Every structure is written in structure tokens, then in C-alpha cells.
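Chemist: Chains as they are written, first to last, in our numbering: chain A, 486 to 687; chain B, 294 to 523.
Quick caveat, the hints were computed from the structure, so don't treat them as lab data. Quick caveat: nothing in here was measured; it's all calculated off a predicted structure. Positions of the beta carbon are idealized from the N, C-alpha and C atoms, including for glycine. Among the hints, erroneous ones may be present.
Taking lysine-lysine pairs in the BS3-like style, the calculated list, with each CA pair at most 27 Å apart, reads [to be verified]:
(1) B:Lys447 x A:Lys672
(2) A:Lys552 x B:Lys484
(3) A:Lys552 x B:Lys501
(4) B:Lys472 x B:Lys409
(5) B:Lys407 x A:Lys595
(6) B:Lys450 x A:Lys672
(7) A:Lys493 x B:Lys447
(8) A:Lys553 x A:Lys595
(9) A:Lys600 x A:Lys672
(10) A:Lys675 x B:Lys484
If you anchor each label on the Cβ, the simulated ranges turn out as follows [claimed, not checked]:
(11) A:Lys676 x B:Asn323: 26 to 32 Å
(12) B:Ile337 x A:Ser517: 54 to 60 Å
(13) B:Met468 x A:Lys595: 40 to 46 Å
(14) A:Lys595 x B:Met437: 50 to 56 Å
(15) A:Val654 x B:Leu318: 52 to 58 Å
(16) A:Lys676 x B:Leu379: 33 to 39 Å
(17) A:Lys553 x B:Ile308: 49 to 55 Å
(18) A:Thr492 x B:Ile410: 21 to 27 Å
To spell it out: a stretch of chain B is covered by chain A in this simulated footprint if at least three of its residues, at any positions, have a beta carbon under 8 Å from a beta carbon of chain A; those stretches are [what the hints assert, rightly or not]:
(19) 340–354
(20) 503–515
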Amino acid sequence: MKSKNSTKLISKDYLTIGLYTVVSLVISFALSMLTIPFLVWAYPFATAFVLFFTCPIYLLMAFKVGKKGTLFIFGVINGLFYTIMGAPFVLPFVLVGGLLGEIVLAKSGKYRSFKSQAVAYIIYNLIYGFCNYIVMAISAEYYLSTMQVEGALRDAYIKYMTTPVWIVVAIVAVVGGIYLGCLFGYKLLKKHFVKSGFISIG
Amino acid sequence: MKNKKIEIDPRIQLIILILMGCLVLFANVNQLMALNGFSLLFLILNGKYRKAFNSIVFLVLIYGMHHVIQQSDQQFIKLLGFFTFLALRFMPILLIASVLQDVPSGRLIASLQKIKIPKNILITFSVTLRFFPIMQYESEAIQMSSKLRGLSFKQPKNWLHPLNSFEYTIVPLMMRTLKISDELAASASTKGIDYPAMRTSIYVIQVKWFDVSMVVLFVVWSICVFLFIR
């Protein structure tokens with residue numbers, strides 16, 4: 486039998502990661518639907534808003550499993566679902582993001598520390614959240630015409646995605662949003678899950 | 294009679310699902326409707342008549358709405374067109390995925406392990422696929438009990454402190470997920486999931502002529518869609 490403290494992922498961990506990925510996917514889909522009416526005015530903040538609420542889920546998953554590879558598997562499953570849902574271009578971005586996040590985590594070596602998990606999650610999401618921008622940069626016209634984006638929304642998209650100022654704003658918003666989200670999630674975990682002994686922090 | 298029901302090999306379903314996911318990326322509204330037609334055919338072949346009927350009604354409604362929206366000049370209404378387009382775009386995928394969701398997990402794993410998908414990814418994937426409806430069911434239960442306590446998202450007074458309402462919704466959900474994942478892990482390990490060798494299965498897994506013809510039908514259908522419908 487494998488010992489309990491083994492540093493490799495076992496099938497129980499894979500199950501945990503799978504289920505939490507579903508929770509975070511569903512929540513982010515629901516919240517993205519909520520942000521669509523506001524995209525014209527607040528496009529750069531929409532991603533940050535959605536990601537803020539996925540932080541508690543990710544942190545709980547990461548602390549519960551607490552091993553190498555969690556973020557990467559999380560990314561792979563996310564990417565697979567985006568592929569199935571009709572956005573295959575997301576997959577390479579989440580793979581790269583997951584790998585970079587894992588490198589940060591491996592460097593720090595503490596899989597149950599708030600700081601390194603927050604940094605890794607920010608890096609992962611910077612790459613994952615900006616696949617839109619990179620796709621836009623490659624094929625703006627085509628992307629917009631297939632998505633049926635027209636009128637004011639189209640102008641807003643082009644404005645927000647090509648002006649450097651707005652891109653910087655979006656980056657700052659994502660980093661800030663995730664950091665706040667992780668703080669919020671950490672408080673939530675301490676309040677509900679550490680006390681009841683489900684997970685350990687340290 | 295139940296044995297007569299056609300069961301398409303999960304591998305074939307997965308291939309169709311992924312191809313469909315790539316195709317909807319390039320389709321316009323009319324082409325999307327044609328792809329939806331294929332998904333409906335797929336549902337009917339798999340004996341899901343009720344779901345197929347509901348989806349037809351839904352699709353016709355959305356399609357009609359999309360045309361009404363396209364005619365209008367109001368900017369805000371045009372934004373709604375984005376919604377209807379997204380709905381039309383996700384429907385064919387969701388319909389095919391709903392068939393894949395109902396495949397018994399033993400059959401799914403037995404079939405997919407033949408194409409050498411890493412076992413861990415496979416387990417995660419099959420569990421994940423199954424968990425979507427369960428999560429809906431759980432969150433309905435949570436919403437019901439939080440409504441009784443006056444903490445639900447559906448009551449406007451809670452919109453004033455969104456973080457608290459979010460906490461009251463997400464914490465029970467995460468607790469349930471923890472419990473479910475523990476239970477699943479226990480039941481999986483009693484069934485020997487950690488055993489490293491290839492698993493045997495009660496299901497006979499082979500690609501039959503029907504599966505192949507399904508793929509051929511899909512390819513021909515999509516070529517026709519992209520050639521003839523503008």
C-alpha cells in the first residue's frame with residue numbers, strides 16, 4: 486500500500502480535483518453569463534470579477550490535496566472541457582499556465598501555504614485569462630465575426646483589447662481580483678474548513 | 294425489447310463530440326441550426342425522445358428570437374443577440390454530451406482505456422462528466438434550505454451583501470463536494486481502482502458497423518452543412 490504521506494497524486498486526489506473543477510467551471514460559467522450585459526462598459530473587469538469567485542474553490546482544492554500536480558491537472562480538465570465546449574484554442578494556454586504555476590509551487594516547495602498558492606493561481610490565470618487577447622491579436626476580424634459580435638459591443642471589444650492602457654488595466658484588475666479572492670477564500674477556509682478538520686494549513 | 298436499444302461506442306461519441314466542438318467554432322447561425330439537427334438525430338437514435346422533443350421546442354424559440362433581435366435597431370437588444378447565439382452554439386454540444394453522460398461509467402472507462410488515455414485523466418474525466426447533474430441537484434437543495442432561512446440569492450434583499458450570500462451558497466456546496474469525493478474514493482478503491490493493470494469489464498467493447506456509419510454520417514452531414522448552407 487502507498488503511504489498516506491506520499492507526494493504523488495493517488496486516485497482519491499484525482500477524484501477531488503475532478504469534482505472541484507466542475508464546481509469552479511459551473512460557477513465561472515454562471516457568473517460569465519451574469520457579466521455579459523455589462524461587457525460594453527466594464528470589459529477589463531469582467532474576467533477579474535469571475536475569477537474572484539473561483540478562488541475559494543481552487544484554494545480549498547489545493548489545500549485538500551496539497552501535492553505536486555494539482556494545478557496542472559486542474560488546468561488539463563478545464564482545458565478539456567473548453568475543448569469540448571467549442572473553444573479548443575484554450576487548451577494550450579491552460580497547459581502552459583498550469584506548468585508555470587507548478588514550477589512556482591515546486592520552487593517554493595510548500596503546497597499548503599497561502600502565498601505560493603496565490604502566486605501560482607495568479608500566474609495560471611494571467612495566461613488562461615489572456616488567451617482571448619492573444620487570439621484577438623492573431624485574428625481579430627475572424628474572431629469577432631464568428632462570435633456574432635456587432636455594434637457597440639464590437640467597438641468596445643476592439644477598444645478594450647487593443648489599447649495598451651486598457652490591457653494594463655485588465656492585467657492589474659486580474660491580479661488584484663485574484664489576490665483579493667484568495668484572501669477572501671483563505672478567510673473562508675479558516676472559518677469553515679480548518680476548524681472542522683477537513684483540511685490543514687501550514 | 295430493451296436490448297434492442299442502440300448503444301453507440303463511447304469512443305465514437307467522444308470523437309463526434311470533439312469534432313462538433315471544433316465545428317461550431319466556424320459555423321454561422323444557419324449552419325448551427327443544421328448542426329443542431331444532427332444532434333437531435335443523435336438523441337433520437339439513442340432513444341431520448343422526450344429530451345429531443347424539448348430541445349426542438351427550445352431551439353425553435355431561440356432561433357425565432359434571434360431573428361427578431363437581428364431586425365431591431367436598439368443597441369441593448371442587439372446585446373441579447375449574443376446570448377441567443379451562444380445558446381445556439383452550445384446546444385449541439387450539450388445534447389451530444391448528455392448522451393455520453395448516460396453511458397454507465399464502467400462501459401465508459403472500459404472503452405476509453407482502449408485508446409490509451411492515461412488512467413488518471415480518464416477517471417477524473419468520467420467522474421467530472423457525471424458530476425454536472427449531481428451538482429445541479431445539490432445546489433437546488435441548498436437553495437431551498439437557504440431560502441427557508443432567508444439567505445437565498447433569489448431574495449433581492451440579499452443582493453446588498455453579495456459576499457455573505459456567496460459564502461452561504463458556496464460553503465455548503467463545497468462541504469457536499471468534499472463528502473461526495475470521499476464517498477466516491479472509498480467506493481472506487483473497494484472496486485480496485487488503484488490496481489495498476491488493465492481493467493477487465495463485463496461490457497463487450499468493439500466498434501460495430503453502426504458506430505462507423507455514425508461517424509460517416511456525421512462527416513457527410515457536416516461537409517454538406519458547410520458547403521450548401523450559408
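Chemist: Hint by hint, note whether the structure agrees.
Modeler: Comparing the hints with the structure gives:
Between the alpha carbons of Lys447 of chain B and Lys672 of chain A the distance comes to roughly 25 Å, so the proposed pair stays at or under 27 Å and holds. Note on Lys552 of chain A and Lys484 of chain B: the hinted pairing holds, with a Cα-Cα distance of about 24 Å set against a maximum of 27 Å. With a CA separation close to 42 Å, the supplied pair Lys552 of chain A and Lys501 of chain B exceeds the 27 Å bound. Proximity of Lys472 of chain B to Lys409 of chain B is assessed by CA-CA distance (about 30 Å); at most 27 Å being required, the pair is judged violated.
Using a Cα cut-off of 27 Å, the hinted pair Lys407 of chain B and Lys595 of chain A is violated, with the two alpha carbons roughly 37 Å apart. Of the pairs offered as hints, the one joining Lys450 of chain B and Lys672 of chain A holds, with about 24 Å between alpha carbons and a cut-off of 27 Å not exceeded. Distance restraint check for Lys493 of chain A and Lys447 of chain B: the Cα-Cα separation of roughly 42 Å exceeds the 27 Å cut-off, and the hinted pair is therefore not satisfied. About 10 Å separates the Cα atoms of Lys553 of chain A and Lys595 of chain A, which keeps this hinted pair within 27 Å; it holds.
For the given pair, Lys600 of chain A sits about 13 Å from Lys672 of chain A by alpha-carbon distance, which is consistent with the 27 Å threshold. Using a Cα cut-off of 27 Å, the hinted pair Lys675 of chain A and Lys484 of chain B is violated, with the two alpha carbons roughly 34 Å apart. About 52 Å separates the C-beta atoms of Lys676 of chain A and Asn323 of chain B, a value inconsistent with the hinted range of 26 to 32 Å. The given range of 54 to 60 Å is broken by Ile337 of chain B and Ser517 of chain A, whose C-beta atoms sit roughly 31 Å from each other.
Look at Met468 of chain B against Lys595 of chain A: about 25 Å separates their beta carbons, and that is not inside 40 to 46 Å. Distance hint for Lys595 of chain A and Met437 of chain B: a CB-CB separation of about 40 Å, inconsistent with the stated range 50 to 56 Å. The beta-carbon spacing between Val654 of chain A and Leu318 of chain B, approximately 28 Å, falls outside the hinted interval of 52 to 58 Å. Restraint check, Lys676 of chain A to Leu379 of chain B: a C-beta distance of roughly 36 Å satisfies the suggested window 33 to 39 Å.
A hinted range of 49 to 55 Å for the beta carbons of Lys553 of chain A and Ile308 of chain B is inconsistent with their spacing of about 32 Å. At about 24 Å, the beta-carbon gap between Thr492 of chain A and Ile410 of chain B stays in the expected band of 21 to 27 Å. Residues of the segment 340–354 of chain B lying with their CB closer than 8 Å to a CB of chain A number 0, which falls below the three-residue condition for coverage. Three residues within the 8 Å Cβ limit are the bar, and the segment 503–515 of chain B against chain A gives 0, so the coverage statement is violated.
Checked against the numbered hints above, the structure breaks hints 3, 4, 5, 7, 10, 11, 12, 13, 14, 15, 17, 19, 20 and satisfies the rest.
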